Structure formats: structure tokens, C-alpha cells
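Chemist: Start from chain A and add chain B according to the hints.
The lines below spell out each chain.
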Amino acid sequence: MVTTTTRAGERRAVRAPVKPRPGRIERNRQWWGWVFLAPFAVVFLVLLVAPLAYAFWMSLRTSTLAAGESFTGLANYQRAFTDPLFLQGLGRVCLFVVVMVPIQLGVALLAALVLDTLTTRLSRFSRLMIFVPYAVPAMIGALMWGFLYSPRFGPATDLFGLVGATAPDFLAPGTVFGSLVNIVTWQWSGYYMIILYAALRGIDPSLYEAARIDGASGRQIALRIKVPMISAALVMVVVFSLIGTLQFFTEPSILRNVAAGSIPVHYTPNMYAHGLAFSYQQFNYAATISFALGVIVFAFSYLFLFLTRKRSGLNS
Amino acid sequence: MRTTQKSRRRAAGVAFTLGAAMVLAACTGGDDDGGNSSAASCTNTIKVEDAPVVTVWAWYPAMEQAVDLFNENNDDVQVCWTNAGQGGDAYQAFSTALEAGSGAPDVMMIEAEFLGQYTIRDALVDLAPLGAADLADEYTEGAWSDVTEGDAVYAIPVDGGPMGFLVRQDIFDEYGVAVPTTWEQFAAAAEQLKTAGYDGYIANFPPNWWAFFQAMAAQRGWAPFEYDSGSTEIGIDMATPEAVEVLSFWEDLVDRDLLATDEAFTADYNASLVDGTYASYVAAAWGPGYLAGLSDADADAVWRAVPLPQWEGQEPRQVNIGGSTFAVSEQADNPELAARVAMEIFGTEEAWQIGIEQAALFPLWRPVLESDDFANLEYPFFGGQQINKDVFLESAAGYEGFTTPPFLTYVYDQGTEQLTALVEGSTDAAGAMEAMQQSVTSYAESQGFTVVE
Chain A
0 MVTTTTRAGE
10 RRAVRAPVKP
20 RPGRIERNRQ
30 WWGWVFLAPF
40 AVVFLVLLVA
50 PLAYAFWMSL
60 RTSTLAAGES
70 FTGLANYQRA
80 FTDPLFLQGL
90 GRVCLFVVVM
100 VPIQLGVALL
110 AALVLDTLTT
120 RLSRFSRLMI
130 FVPYAVPAMI
140 GALMWGFLYS
150 PRFGPATDLF
160 GLVGATAPDF
170 LAPGTVFGSL
180 VNIVTWQWSG
190 YYMIILYAAL
200 RGIDPSLYEA
210 ARIDGASGRQ
220 IALRIKVPMI
230 SAALVMVVVF
240 SLIGTLQFFT
250 EPSILRNVAA
260 GSIPVHYTPN
270 MYAHGLAFSY
280 QQFNYAATIS
290 FALGVIVFAF
300 SYLFLFLTRK
310 RSGLNS
Chain B
0 MRTTQKSRRR
10 AAGVAFTLGA
20 AMVLAACTGG
30 DDDGGNSSAA
40 SCTNTIKVED
50 APVVTVWAWY
60 PAMEQAVDLF
70 NENNDDVQVC
80 WTNAGQGGDA
90 YQAFSTALEA
100 GSGAPDVMMI
110 EAEFLGQYTI
120 RDALVDLAPL
130 GAADLADEYT
140 EGAWSDVTEG
150 DAVYAIPVDG
160 GPMGFLVRQD
170 IFDEYGVAVP
180 TTWEQFAAAA
190 EQLKTAGYDG
200 YIANFPPNWW
210 AFFQAMAAQR
220 GWAPFEYDSG
230 STEIGIDMAT
240 PEAVEVLSFW
250 EDLVDRDLLA
260 TDEAFTADYN
270 ASLVDGTYAS
280 YVAAAWGPGY
290 LAGLSDADAD
300 AVWRAVPLPQ
310 WEGQEPRQVN
320 IGGSTFAVSE
330 QADNPELAAR
340 VAMEIFGTEE
350 AWQIGIEQAA
360 LFPLWRPVLE
370 SDDFANLEYP
380 FFGGQQINKD
390 VFLESAAGYE
400 GFTTPPFLTY
410 VYDQGTEQLT
420 ALVEGSTDAA
430 GAMEAMQQSV
440 TSYAESQGFT
450 VVE
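These protein sequence lines are chains A and B, in that order. Numbering that gives the first Met the number 0 numbers the first residue of the first sequence as 0 and each following residue consecutively. Numbering that gives the first Met the number 0 numbers the first residue of the second sequence as 0 and each following residue consecutively.
Only chain A is shown next, with the shape it has when bound in the complex (with noise of 0.2 Å):
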């Protein structure tokens, strides 16, 4: 799997050197890797590439309610992708990708570089409340959002109210997108802040005191200087950013709760598996949609690492 670059690196081996026989302590370190790695393995076989086998397995065949089940190849491939419905749904995360991803690297980018410049114990406590939202269960805080939004039981009426105004509905068709990217924004942002923060505190301070000899402001600092120190971190917020928004669920499956009407059950793709296979009871179909977003975020995910690779440290 791993290709080790012959380089300074190998001087511990990491898989045996093929000799005819290896010494005792050699093998011993053989056994000792098998035991190590045996918790891992078996979890990683029995709840992760048995599942994903048997889910292929099952996007193969195709079950009607009327006809029964048959095996029937690629074909429910061919109709995932010209269903209009799975198709709506991977537009409306590639939407949410473009709209959110930037305004959560923007946010969190931002907090990271000012509480990096801050000292004092306000600092403490800014870092402390921006990442509290994360800390709560995303069903939590998409249920406290939906009483927020609601028109009775949140503050927008009052708000809206005190200059005169009527206040929007967050939950209709036009303005439920734009209510989800705050949740997420909301929810995340702050995570993404404590990742971007460790990596401006990894960098060696002495970087900065020679740039203010030679003349650089804060700001310049801040963008030619942190920024580009810490784009490796950067680059794997996206990528984070990125699956969680293909794999968009929790949020919208919470509102829809209070919202049915704005948020169909195909909203995205994996609304759209979860509502093939529990509501409909086509497990079939729902194991092709989920394989198929599946290799479309492998495929993004790749894509991206792979235009970044200069930023990401990941080729060194």
C-alpha cells in the first residue's frame, strides 16, 4: 500500500526484508505487528469493507414490490445517474459545497489569525465559545435551530417586529438553503478554528520578529507569512469540509421534521438513500445511490488533493 521513497527514511524497516530466514527478533517484531494491528483489522473488515461489499452486492440486483428481486447488473447504475432526483440532490450539495465551504474556511480562517495575534484572556474565552457549538450533538443543535427559525417560538418575529418589519420564514422552499448553510456554519466553523489554530501555534515565532525587521505589517504577516505556513491545515479543513457537505444529512433530516414541504426526502443524495431504503423499501436502489455518491466523493475528494498537492505536503 504504502510505497516507501528510497530515501534517508528506511532505517526502520517497516515490512520485513525479504531474506530467506529472518532472525528471531525480526520475526518476533513480525508477530508482534500482527497483534497490534489485529483490534483494528478485524473492525476495519467486519464493519467497513464487509458492509461496502455486500452493499455492492446488493446495488446489483433489483427488488419491485410487484416482480421480486432479480440480478440485473449496472442497470441500477445507469438509472441512478439519469435520476432526476438523485441529480437535483448532487446539484443541491455541489451548491451547498461552493456556498458553504468558503464562508466556514473564511469564518474559521479569520478567528484562527485573530485570536493567533491575541494575548490576552479574552483569547481564551473567544476560543472557548467559538468552538462550544461544535461540542454540541449536531441533532441538538439542528432541533434548537428549527424553534430558533420557528416563526412562533424564535426571536425573529420579536426582532423583526421592533423595526416595524415582518420577519422572513426561514423554513420555505426559497429560504431553507440558506438556513442550513447558518446551522452547518454555526456548527462547524468553530472545529475547523481549533484545527487552523494548532497550526498557527506550530510555527516558530521567530519567523514573525524577522519579518517585522524587514518591514512586513500585521496583515502582511497574517497573509504572506501564517497563511501559507499553514496551508497544509488548510487544505485538509477543505477536504473535511468538502465529504461532510457531499454527505449532507443530519441537518436537513432534523428540519424536515418542522419543514416537510421545503425539504423532500430526496433533498440530497444521502436523504435520498435513507428515504429509498427505510420509507420505500428499495434497499437495492438505496445501496446504488449510496455506492454511487460514494465514488463521487472519492472522486472530488482525489480531485481536490490532487490540485492542491503542492499546498498540501502530501507528495514530500
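Think of the hints as simulated: they come from the structure by calculation, not from any bench. Do not take every clue at face value.
Here are a few chain B residues that face chain A, going by a calculated C-beta distance under 8 Å [unchecked claim]:
1. Q91
2. E98
3. I119
4. E262
Chain A stretches covered by chain B per the calculated footprint, using a threshold of three residues with CB under 8 Å from any CB of chain B [stated by the list, open to error]:
5. 46–58
6. 149–157
7. 275–286
8. 290–301
Here the structure is a predicted model, which is why all the values come from computation and not from measurement. Even glycine gets a Cβ: it sits at the ideal position worked out from N, Cα and C.
Modeler: Using the frame of chain A, we list chain B on its own:
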């Protein structure tokens, strides 16, 4: 030094591996417990320890008392009851257990219109040979036909949902508007309430509750589906003039801002039902129980039940929403025992006393349904009105049934989309019905049915 470190690491490694193995073992052990019908997972307490146990999933309001009563009266069988969620949630769990091949309860509460969704998958046991064939006379004709297919009996009827019209008499009186008895009067009253200065709405038109529209259209004679259980042919004719007419009626009131369009069964809707935002509630017989269970009700509210408005120039027609049954799943270890439980939980007058007084259910079991006690029962929520005698008994007697397809969940989800588009103004009644016809037809075809017009 080196060796001690190494052995320490070794020991740690072994300890970790063992620990992980134990965690894994514990996990699988836990799964086993959840999988079989051991008494540990019951919501109720088993009264007779060594009797065989029948598992039941149901979400009736006073189910616990009914189960306790059954368990006290039976030494040779005990019920283990779980609330696996309401409606859709419970069906999701049930369907998944059926697909998985284990984990389904022995007896399952299923709404009558959803039975077809399970009989088509051979998920339910035919109860006729297990004693249910003799029960035909104990239920009303409509109720019995909903659970039978030829000679087969797939479920035991429990409660029904004949419709009535629940109104806030105080609001209608305050603004000097007469309570409507026809839909034409209903539209006029909506306008009158508005002009008289009432700042709520006469009623709510819930876009996420297709079953409501379905009942409203059925009242005008809409019968969109033709289907016999087990057949691969299905008739679908949704976009009929009656359906478009009824939907246009509601659309027009929505466009004139005379109706609220809140989604049903949300916190906002619940609050609006009881705080005077809606002046009426077009409801099924389980509606009074639903209303009475809501908190923060307006203490001065005066509720009255009146018959469902009718269409002028048409014979009065009665309709129904919901109502449920007990079915025996094909995973039942002992179908005979399970069938007995399905038949007997709500098969006694004592149990129905609980069902009526504490859960406000509308019984389909004739010994109770036709009793004077039930007809004369006074409901405190309605100021002592005898709502069964006044409204629901007649409504139930006139109900003729409604055929549903074996993929009703899909129809309801599509309906929510179309009704939402309608109240948002992005489609009209004719367009919505046409879209329903197309999507339901193509879904039926994708499920292997031959669609006949």
C-alpha cells in the same frame, strides 16, 4: 533498562488487545440481547414470569394500562410492549426488521391504509385460520373490509378515524358568524371572520398532510386507486375533475389569505390549534384526544364538535383519516399466541374503558361501538357534549372505504411536495394533480406494476 521497557510495552500491547477483544465481545453480546424478545426490553412489567411472551409495538396513548390489564387477566401469555415511534418512524423500524429477517415484533400496530404495503411483501400472517374468521360480526362492515382480502384476515381492527368538524364556538359567537354546515358556507364564514376583525384563520390547510386532502377529495367522490391485494395490476387516476375541484377550493382560500398553511404536527401547529389562531379543526375521531393532549390550551376556549361540512347539491358523504389495527408479523415465533394477543388486547369492555376514557380512541369493536355508554359519553373537553352521538357515530356508519396503493408512503411524500408548491403559489390545483398522476404512475411502473387507466 531496555528489556524492562520492552516487556512493559509487550504487556501493554497484550492488555490492549485483550481489552479490545472484550469490548467487541461486549458489543456483540449486547446485540444478542436486543435481537431476541427477552423481557428486558419491555416498557411494561411482565406480571407472570414463566409464561410465554408476545412482543407488541404500538403507539396508542394509554397502551401501558391496556397491556397491564391484559397481563393481569392472562396467566398463560404475557405481552411485552414497546413504543417504537409513531406512524412513519415505527413503520421504518418495522420494515427494516422485516428486510433484515429478524427483530420485528410479533404483533404490530399498523394503520388500516398501510396494510397493503405489508401484505404485498408477505409480511403479515393470515389470521383467518387462527380464529379471526369468526370475528367478522364483531366489527363494522367498513372496518372489516379494510383488513380482509377475500377470506384472508390480515389484521384486527382497533380504532377508527371517522371525520367531524371541531369548532371554537366562542370565536364564531364573538364575531357573529354561524358555524358552517357546507363547504360553501365554510368559504363564506372564512371571509366573514376576517372582515369582522378576527386575526386568526378559520382553519389550517396543512401542506404536509396529504391524507387530509385525500379525505377531503374522497368526500367529493374521488377514488384514484383500483387495486386488489396481490395483483400486479393497479389503476391510477388521480387528476380527476373532482380532485381538481376540491384542491381549487382550498387553493382559492389560501390565495385569499383566509387559511393558515402551517405544517401539521409541528410545535407551531400544536400551539395554534389550541390558542385561538385557528377557529376550527377539521378532524378525525382521534382529533379530540390529540387536542386534549396539547399543553398551553386557552382555558376559556369553548370547543364543540359538529358534523363535517358537506358539498351543496351532493348526497352527504362520510370520510375517514387513519385508525389502526393489530397485525401479526411473519417473524412471530408463535403465530397462534400472537394472533390471540392481537384479538384480545382491545377485545374486552374493560380494555375499551381505558381506550376510550384515557386514550380517546374511537372503537371499531361493535360491543363497545354500539353500546349506550359510548353514545352517551360526555366529554369534558367539549363542555360535556356527547360528541359520539352528535357527530362521530353517524360519520363512522356512513364511511364506505377508500382503496390505497401498496406504496402509500411514496404517495404521501409526493403529496407533501405538491401541496407545498401549491400553497407557495408555484403550481395550481390542476398542475399539482397532473404532477401527482405522473409521478405515482411512473413509480408504480418502476415497481413492476402494470398501470391501467
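Chemist: Would you check chain B against the segment 275–286 of chain A, counting CB to CB pairs closer than 8 Å, and say if three or more residues qualify?
Modeler: Since three or more residues must qualify, the claim that chain B covers the segment 275–286 of chain A holds, with 6 doing so at under 8 Å.
Chemist: The hint names B/I119 as touching chain A; please verify it with the least Cβ-Cβ distance against 8 Å.
Modeler: 5 Å, holds
Chemist: Take the shortest C-beta to C-beta distance between B/E98 and chain A; is it under 8 Å?
Modeler: 6 Å, holds
Chemist: Given B/E262 was flagged as interface, is its beta-carbon under 8 Å from a beta-carbon of chain A?
Modeler: At 6 Å from the nearest chain A Cβ, B/E262 passes the 8 Å test, so the hint holds.
Chemist: For the restraint on B/Q91, tell me whether the closest CB of chain A is nearer than 8 Å.
Modeler: The hint holds - B/Q91 has a Cβ within 8 Å of chain A, the shortest such distance being about 4 Å.
Chemist: Tell me whether the statement that chain B covers the segment 290–301 of chain A is true, taking a Cβ distance below 8 Å and needing three residues at minimum.
Modeler: violated (count 0)
Chemist: Is the listed coverage of the segment 149–157 of chain A by chain B valid when you require three or more residues with a beta carbon under 8 Å from a beta carbon of that chain?
Modeler: holds (count 4)
Chemist: Tell me if chain B covers the segment 46–58 of chain A under the three-residue, 8 Å CB rule, please?
Modeler: It is violated: at least three residues are needed, and the segment 46–58 of chain A offers just 0 whose Cβ sits closer than 8 Å to chain B.
The structure is inconsistent with the numbered hints 5, 8, although it conforms to all the rest.
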